[in-house]
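Trainee: Position chain B against the provided structure of chain A, taking the given hints into account.
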Amino acid sequence: MADLSDSLLFAAVVVYALAMLGFAGDSASRRAKRMLSVPAARERALVGAGAPVTSTPAPPALRQRSAADAHGFAGTVALGLTCLGWVLHLASVVTRGIAAERLPWGNMYEFSCTTALVAVTCFLVLVLRGRVDRSLGAFVMLPVVLYLGLAGTVLYTAVGPLVPALNSYWIKIHVAAAVMASGAFLLSGVLALLFLIRHRYDARTDVGQAVRFPVSLGRGLPSASSLDRSTYVVIAFAFPIWTFAIIAGGIWAEAAWGRYWGWDPKETWSFITWVLYAGYLHSRATAGWKGRKAAWVAVAAAAALIIDYYVVNIFVVGLHSYA
Amino acid sequence: MTLTELDAAAVRLSTAPEPVGPLRSRQLLAPVRRGWRQLTSMRTALLLLFLLALGAVPGGFLPQRSLNPIKVDEYLAAHPSLGPLLDRLSLFDVFAAPWFAAVYLLLFISLAGCLVPRIRLHARALRKPPPQAPLHLSRLPVSARWEIDGTADDVLQHAKTTLRGWRQVRRGDALSAEKGYLRESGNLLFHVSLVLLLVGIAVGAFFGFKGTVLVKEGSGFANAVLNYDDISPGRRFTESSLVPLNFTLDDFRATYGPDGAARTFNADIRFAPDADTTPRPYDVRVNHPLHVGAAKVYLLGHGYAPVVEVRDASGELAFPAQSVPCLPQDAKFLSSCTIKVPDTRGEQLAFEGVFTPTTVQNESGSVASAHPAAQSPALTLVGFRGDLGLDAGVPGSVYELDRRRLKEIDGGRPKLLGLGQTWDLPGGGSITYVRTTEWATFQVTQDPGKLLALIASVGMVLGLCLSLFVRRRRFWVRVVPAGTGGTADTDRRTVVEVGGLARTDPDAFRAEFDQLVRELQDRSPARTGGQE
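Keeping their order, the protein sequence lines are chains A and B.
Going by my numbering, the first residue of the first sequence is number 1, and it counts up by one from there.
Going by my numbering, the first residue of the second sequence is number 1001, and it counts up by one from there.
Keep in mind that the hints were calculated from the coordinates and are not lab data.
By construction, the Cβ of each residue, glycine as well, lies at the ideal position given by its N, Cα and C atoms.
Incorrect hints may have been included.
Unchecked claim - Selected chain A positions facing chain B (Cβ under 10 Å, derived; list incomplete):
1) 169
2) 203
3) 208
4) 210
5) 233
So that you can see chain A by itself, here it is in the shape it has in the complex (with noise of 0.2 Å):
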């Protein structure tokens, strides 16, 4: 069962790699063509926006949308690849689990490969709601790629059980929050990032300056205003569940430690991470703050929370050095 999981895995980040090509082909063949139709284009996102009663044209968010209807059948494949790699992906966290006997959530590469799981089940359910363009695909599977590929290469540890701190029912609220956060915040750490390299295309476009990558790939990005809105619609969904994995990591270090708040490293870099996506919240409603410095913050947010996780386990030694 755990040799199935390791095979299932390898399949999930081949598909997810061609999945990645796909979207790749699918955005530069888009804007090859946008290049050659441009006023095509703008007509048919008008009627698109055309809702039934509104009588207000709709913000450039839906008419981003409506354009991004037009996808090539690059872009469909692809999409059913990453559905496709999202079902092995699923079974082989699924087998991980049979194979232990427990929540496959005891290890740093099983900790991993669920927590792209819910990067990508997140992306996914907000592509299908049209929440999020799908020609941010590529972007979402690279980082999605290397994360497996690290998680399979240097932090793969042989199914075993677990150490008896980690023995408590706790670990299934605890590490559940916090998996299905820190997915959701990486994604949205990639859609800031997205955000960004759009925003600074934007702005040189508009005063006629040349760009050069990596801004250069902004062209084939939705519209900066939409980037921004699925990095808050990310995080807003991630940050109480990352508040009630703290919360719950609380009440089990007390159970287990002896209290509930020590400044354990791990639990220092996770407030810092809570206190950096509050930053965040709070800048969008901050004069001066919304846009740019606010995207910052989401970058800076997810690096204090891959610091959390990579840094804190493999190089400092603390309370949470279990892998």
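Mentor: Using the frame of chain A, we list chain B on its own:
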């Protein structure tokens, strides 16, 4: 629509603080008031939040005294020039540092200053009806207009039932409706809970207590400050608030996998509030502490305590079979032991060495442990003879030897003792390794602020969910009798104008708005689609 008109429609849709404007009054308190407004502004709060995160960073990277003072000393020794500088900035005690406290206290003052007026505003908003319809509904972010059969009253009556669940008020020919007050309620609940959480933490820090104690199998513990190995009481903690508790450790068991990874720890104890009550058994495990009144007893660590017997040169039993706790040094429980034998005739005896639960010896003769379970335990000891220096009155650790007036036995050659073996010391005396017992460390904690912190945490999550997922929005309906038409009521036609406004998530509101408009139109079908 002019900006002011939209502002009027959006009034109290958000209770966010107004930006700090120019100051007009020339009062004496003007600078104070200005400073206060600066402090309670969102921008200041945001900066303080980032400072808080930044301030916590060294606490996440540098060793902290509160967690591991030995690590801090090691760091100071390794960085002789940088270390003291960092120490002066309290970077090894970040979370007790005055500057860190300054940041979070300022943040909470800023929060309180922001919160009080917002609570007042929201309480007022909860009592007030939704605001008057703006003059030009068509200039709102979403709006629609059509003409239908029926009198203006019919249409408004219908709108009222359609907008069930909204807070609504009719003013003449217009209906104002508003929904989603829970968003701001949740927002305020979250921030009030945050303040309560800080209070809970403070109560714990002032009146709480934490102590750790090592208990050998067969030994007991009585809950008194003097009996602990290590305590960290709160500033306002008094010994009288210690929970009455006695317990005895009967048996400690640890199980391991073949690779040496721990599987279970189990400490069987018997406990009672005092010496006169019959004790009750309990198994303290990781994740399974003992609750006694306001206190909790946790299993913190464990180790081996070999039982040894020492005879002096005259053959007298100078050290009757006693367990000696050894401190684990690695994951396989190679542990360091110190045995002091002061009650000898003639020179005092002492031993220092290691205990290895699963003993392996390499070619050079040094011992190691291959597994944490006691499969083939052994003591490897170096003996000393002389004066232990215990009479000097200087308190010394039981785990350390003062070697100044001690000389090594047998030239300091280590002697390996298997279970049951005796070492006849050159020059008289002997030591016997009788059997193996274990010890466990327990932590007793009392935290009177814990419950408040838990309640506050629940309030935070609840408040967050409300403030992030509930949308506050307004909807207005205005009716104007159509200019033409018959005189009979049934022939009356009415022009309906609607508009909506939402501060957050305009996409979701647009869908809701369209749905509302459809419902308003469907039940009284429009004769002409008077859309613009």
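Trainee: Please write out, lowest number first, the hints stated earlier that are contradicted by the structure.
Mentor: Hints 2, 3, 4 are the ones this structure does not satisfy, whereas the remaining hints hold.
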